[in-house]
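Make a model of the complete structure from these sequences and hints.
The sequence shown lines up with residues 1 to 699 when you count with the working numbering.
Heads up, a few of these hints could be off.
No more than 20 Å apart at the CA atoms, straight line, and that leaves these computed lysine to aspartate or glutamate pairs for EDC-like [as the list claims (entries may be wrong)]:
{"no.": "1", "residue 1": "K409", "residue 2": "D380"}
{"no.": "2", "residue 1": "K160", "residue 2": "E102"}
{"no.": "3", "residue 1": "K118", "residue 2": "E631"}
{"no.": "4", "residue 1": "K261", "residue 2": "E231"}
{"no.": "5", "residue 1": "K136", "residue 2": "E205"}
{"no.": "6", "residue 1": "K261", "residue 2": "E312"}
{"no.": "7", "residue 1": "K582", "residue 2": "E561"}
{"no.": "8", "residue 1": "K582", "residue 2": "E267"}
{"no.": "9", "residue 1": "K160", "residue 2": "E104"}
{"no.": "10", "residue 1": "K582", "residue 2": "D571"}
{"no.": "11", "residue 1": "K160", "residue 2": "E312"}
{"no.": "12", "residue 1": "K147", "residue 2": "D121"}
{"no.": "13", "residue 1": "K147", "residue 2": "E111"}
{"no.": "14", "residue 1": "K308", "residue 2": "D232"}
{"no.": "15", "residue 1": "K160", "residue 2": "E577"}
{"no.": "16", "residue 1": "K160", "residue 2": "E205"}
{"no.": "17", "residue 1": "K582", "residue 2": "D552"}
{"no.": "18", "residue 1": "K308", "residue 2": "E295"}
{"no.": "19", "residue 1": "K160", "residue 2": "E111"}
{"no.": "20", "residue 1": "K582", "residue 2": "E287"}
{"no.": "21", "residue 1": "K261", "residue 2": "E102"}
{"no.": "22", "residue 1": "K308", "residue 2": "E287"}
{"no.": "23", "residue 1": "K409", "residue 2": "E590"}
{"no.": "24", "residue 1": "K136", "residue 2": "E470"}
Just so you know, these hints were derived from the structure itself, not from any lab.
Keep in mind that this is a model prediction, so the values were computed, not measured.
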Amino acid sequence: MWGAELFLLGTLTAAIPVLIHLLARRKSLPVYWPALRFLLESHRKTARRRKIEQVLLMLLRAGILFLLAIGLARPIIRYASGALAGGTVVIVIDNTMSMGAEEEARSSLGEGLTYAQKALDGVPDSAFVGVVPVVKDPTLGLTGLGKGVETARACLRVVKPVPGRASLAAAMNEALRLVKSMGAAHQEVLVVTDLQRNAFPVQGEITEKAPAAVLTVVNTGRHSPVNATVEDISAFMPVAAPGGDLSVTGIIVNTSSTTVKTIAALEVDGARRSTQEVTVNAGGRTEASFSTRLETAGLHLLTIAIAKDALEGDNVRHAAVFVPQVLRTLVATAQDDPGGQSPAFFIRCALNPSSVAGDSAGSIVVDECNMLELGVRDLDQYAAVLVNSDLDALDDHAGRNLERYLDCKGTVVFFAAGEPMKIPQPDSLAFSQSLLADPLIRRLPGIDMGPFRSVRIYATSEIPVAPGDEVVLKTAQQARPVLVRKAAKGGGEYVFALSADPEWSNLVLRGVFPLLLQQMVYSSERAGGAVACRAVAGENVHVPVAAESSYDLVAPSGRIERMHTVGGNLDTGALLETGVYKILPAGGDELAAYVTVNPPGPEGDLNAIRPDTVAERIRGAAGSIFTVTGESELNNALTLSRKGLPVYDYILALVVAMAVFETFFASRITPADDRKRTGKHVPPSDDLKAKSAAPLRPE
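Given below as structure tokens:
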């Protein structure tokens, strides 16, 4: 059988050398030379040999053209029937959101599923067949190996785009492990994907090797349609209290090759608050900023959405803000506060200025305790714990309680003297050795404290600036560093210091310092006692919770699932819905934690990588590799891998060898041919001279 029958027409070119040979024949003019008449017999022998050489050269050239056409037609030596019996076939299906992008009512996933179903045609029930999705989807059923094709076909019929974390490399590694696990003679892996640039593995990510397997990559990627995506959303609430102002910013990205105009809308709890028109250049990005107000306490879902386009899964991104009725803060001191002038009194007044007049009103409520009580206090009800002591002054019970509270995303502020201590948490915030002067602070909320939970304030006056540090603020007169962001893996580290010396810093006496302390409390991820978590769809989240043994996980759709804690953490399992999941004590309604789930960021990239890049990245993963872009190429690849042994490589190698021999052979016989064609006199060779010099015998 043949892989490309059309090239068989090329066998007709084998007649070209024959025609040239016949048309180029010329009659030799007889030249009578009496002196050499007795050499006629020798000349006849030479002519016959030359004629044979010319015929062989003609046949060699015709054979080169004939075999070249045969090789390009991709001949296949058929196996015996039933080659797939007992074989193993695994289909890797790309079910990321980008596969659902539609163009002219067609999608990459729809074409890919059609190809996958056709790939199962002809696979006998005795073969082992499996399906591996790129994004884990528990609704698919079979995702491993099973005997026969019916279960795999049923699995493929329900595949849909899933907004989860994609790892095409992990899926291909799993498929290669499965296909070689059975040790079958025939091993086949079919990868159906749009070759999305951000999802396709880079070279080296495919670690599994299946030398006996045939790997076929089917590219269903389409031309990039008009598509914009909400890449990110951020929300900032300077005062986390009912009636507080809220700033929301979304990043809109255009993945198309043309300019996109769209409408960006801000929704709060499903109700549209405001809209604005945005224009994004081809391949560019822009910001959409909104300002609103949250009037009531509780958990609020914020959404930035754009108009529908080719890919709807990336048009929405969520954020969540929990607004407590009041924020509770605990201040711990080394001793009781008898006279009201201790550091605890100062901190309490800074957090809640109305408490100076004995008024308990305000958005921050301050509780106090001594250091000995820290080990037994229930800290989960507090947004922040402020400790007027260094770590060395804490006993073991207090230290463990604070460490557990930090693990549950609480904010701890230490007031200490002397040199700053190294903070082990990569996402901690250390304030040390800095001056903040009022004229230099344009907007305190611009100092982002969201990623940080542990804050340390030291009474020092100099900031050593290391390479890689960023000086955020400095003094106007002496240009001394005021606020420095230290380089840290996985986060940042802010450093500043306090001093009551007006020659260096009167920050502790200025109104900006109470605002700064309040901002530490407002930015806590445990505001109001609820733990805030963020995740990508399809991801498992380990939520730090209190001692209760069971909780209710409420999905955005309203579905409720009862879960139990293990080691102080709640494993949510794969979160497939986008939006906000609520975690409540079993049977209760008090919010213990919430998880904001968004689709993965790179889904908006609809550009496929180059085929040569595909081959380079998957090289060595299997014994034979095919990359195809359509149905006919897929049929040829399946034919080669299932029904026969391709021999065209050997034929083409023989063609090259024949061409080399033809060049050598033609160079050996050309001089004699030239003598015949030109008719020029060439001196006789030495053997002819010898024969002519010999005595002649009469006949």
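Given hint D571 paired with K582 - CA-CA distance at most 20 Å:
holds, 13 Å
Check the hint pairing K582 with E287 against an upper bound of 20 Å on the C-alpha distance.
Violated, at roughly 29 Å.
Would the hint linking K582 and E561 be met if the CA-CA limit is 20 Å?
At roughly 11 Å apart (the allowed maximum being 20 Å), E561 and K582 satisfy the hint.
For K308 and E295, compute the direct alpha-carbon distance and say whether it is at most 20 Å.
violated, 30 Å
Decide if the proposed pair is consistent with the structure: K160 and E312, CA atoms, cutoff 20 Å inclusive.
holds, 14 Å
Would you check the hint for K160 and E577, treating anything up to 20 Å between C-alpha atoms as holding?
This hinted pair holds, its Cα atoms lying about 14 Å apart.
K147 paired with E111 [C-alpha distance capped at 20 Å]
Given pair K147, E111 is violated - Cα atoms ~25 Å apart, limit 20 Å.
Can you confirm whether the C-alpha distance between K160 and E111 stays at or below 20 Å?
Between K160 and E111 the Cα gap is close to 12 Å, so the pair holds against 20 Å.
Holds or violated: K160 to E205, with C-alpha atoms at most 20 Å apart
Roughly 25 Å separates the two Cα atoms, so the pair is violated.
Take the C-alpha atoms of K160 and E104, compute the straight-line distance between them, and say whether it is at most 20 Å.
holds, 19 Å
Sort out whether E267 lies within 20 Å of K582, counting only the CA atoms.
holds, 19 Å
CA of K308 to CA of D232, is that 20 Å or under?
The hint holds at about 17 Å.
In summary, the structure is inconsistent with hints 13, 16, 18, 20 and 24 from the numbered list given earlier, while agreeing with the others.
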